[in-house]
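Chemist: Please put together the full structure from these sequences, using the hints given.
In full-length UniProt numbering, the protein residues as written are 1 to 414.
Treat the hints as calculated values from the structure; they're not laboratory data. Relax, there's no trap hidden among the hints.
Taking CB as the label site, the calculated pair distances span:
id, residue 1, residue 2, range
1, A177, P130, 21 to 29 Å
2, E259, E234, 18 to 26 Å
3, T297, G272, 15 to 23 Å
4, G272, R251, 20 to 28 Å
5, D158, E191, 33 to 41 Å
6, E191, E322, 18 to 26 Å
7, F116, G19, 32 to 40 Å
8, R401, R251, 26 to 34 Å
9, I281, G225, 17 to 25 Å
10, D87, S239, 33 to 41 Å
Note that beta-carbon positions come from the ideal geometry of N, C-alpha and C, so glycine has one too.
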Amino acid sequence: MQLFPFGHATHPQWQMAAGLVLAQLRAQMTLPGYASAPTLGLLYITDHYAAMAADILDHLGAELPEVTDWSGTVGIGIASSNVEYFDEPAMALMLCAMPPDQYRVFSGVAPLPATFTPHTALVHADASTPDVSELIAEMADRTATGYLFGGLASSRGDVVQFAIGGNGNMQGQGKAAGVFSGGMSGVAFSEAVQLVSRVTQGCQPVAAARSITACDGNLVLALDGRPALDVLLEDLKISLEQPQAAMTALRATLVGLTEMGQDIVGRTGNFGSDVVVRHIIGLDPNRRGVALATRVTEGMRLAFCRRDAAAAKSDLVRICAEIREELEPEELPLAVATALAAEPLALPSPARRVAGAVYVSCAGRGGPHFGGPSAEMQIVRRALGDVPLVGFFAGGEIARRHLYGYTGVLTVFH
Numbered sequence: 001m002q003l004f005p006f007g008h009a010t011h012p013q014w015q016m017a018a019g020l021v022l023a024q025l026r027a028q029m030t031l032p033g034y035a036s037a038p039t040l041g042l043l044y045i046t047d048h049y050a051a052m053a054a055d056i057l058d059h060l061g062a063e064l065p066e067v068t069d070w071s072g073t074v075g076i077g078i079a080s081s082n083v084e085y086f087d088e089p090a091m092a093l094m095l096c097a098m099p100p101d102q103y104r105v106f107s108g109v110a111p112l113p114a115t116f117t118p119h120t121a122l123v124h125a126d127a128s129t130p131d132v133s134e135l136i137a138e139m140a141d142r143t144a145t146g147y148l149f150g151g152l153a154s155s156r157g158d159v160v161q162f163a164i165g166g167n168g169n170m171q172g173q174g175k176a177a178g179v180f181s182g183g184m185s186g187v188a189f190s191e192a193v194q195l196v197s198r199v200t201q202g203c204q205p206v207a208a209a210r211s212i213t214a215c216d217g218n219l220v221l222a223l224d225g226r227p228a229l230d231v232l233l234e235d236l237k238i239s240l241e242q243p244q245a246a247m248t249a250l251r252a253t254l255v256g257l258t259e260m261g262q263d264i265v266g267r268t269g270n271f272g273s274d275v276v277v278r279h280i281i282g283l284d285p286n287r288r289g290v291a292l293a294t295r296v297t298e299g300m301r302l303a304f305c306r307r308d309a310a311a312a313k314s315d316l317v318r319i320c321a322e323i324r325e326e327l328e329p330e331e332l333p334l335a336v337a338t339a340l341a342a343e344p345l346a347l348p349s350p351a352r353r354v355a356g357a358v359y360v361s362c363a364g365r366g367g368p369h370f371g372g373p374s375a376e377m378q379i380v381r382r383a384l385g386d387v388p389l390v391g392f393f394a395g396g397e398i399a400r401r402h403l404y405g406y407t408g409v410l411t412v413f414h
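Modeler: So, in structure tokens, the structure goes:
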């Protein structure tokens, strides 16, 4: 698989940003190792451009007639290799080269055909859609692996998604222009499309994991047979007799959850990839319960946690290293090893077996959480290399069949 051309730019006028992106793409498409005839475009825009989404897609489609399929969404921030754009008008576009029979673009207007069996899928969804978590799980069930990756669109204005296939002739789409609000859309991939995906957590447990032994809806009543509120106060070393200090600690505390029988803490001491983080939304002193922003069931594992920048950084480096180790075999042909040794890690190279990457991170992460502008993407670049990459900062991250928070989902095509 050849390298995927990609470009990114910021400008108050979307036409100027599009021109800069197109110039980057066209220059790369003439270079050896890059795909010269891609067919699938992954487009991400910041919410400054959301109202002009249809015009942007029409313009890019006209300028890139060889690209017949489009997918993407809006974020309050977007990402590309080594850079993040927050609170400014920007766009990022990557052109993927893979045989058209190996993927299908889908949306609520044009669902996946029954004749196509997805292996995995890139998913974009609107958080305001009723039962969005159930829709994600249903989509995961439709894939052979149960693995999705993507996120919820985030915007302070219009919440839009891009989904268009077959040069506007996607069955069922009719006259729809390819820009949608609500529901879910994305790209389903067949088994022939090889990819590696990892979840990086952004929270650190502050106490031992426990089992939920009594609950009522979203109210945790008992942990390991003890009143849940008593356990919370003990773990945080706070008292309700000192309400100001208690509220300060509670506002900074979240909850990590896993299903029964799953490990909540990995071998690194961080949360495992199956952990979903949810907010504490209230306390019930009468029933000695703790209310969470999700329904729970008896037997689930729970650990109180806090966001931790140092832990998030080390976990991000870890998943990048795992991906590199999986893609680069221990023994390389002499010619390939020599070529890699002669190149700085930062340079993209087909020999590294990475064609392109998609990174979806929590809107509450990004550079500021890691210490400076674009710091999160700089960590990815240093750890993974300067691979073609686009992505966005989401209102919730999707991996496997779960909807996460405060995480990053890195997916590499190879």
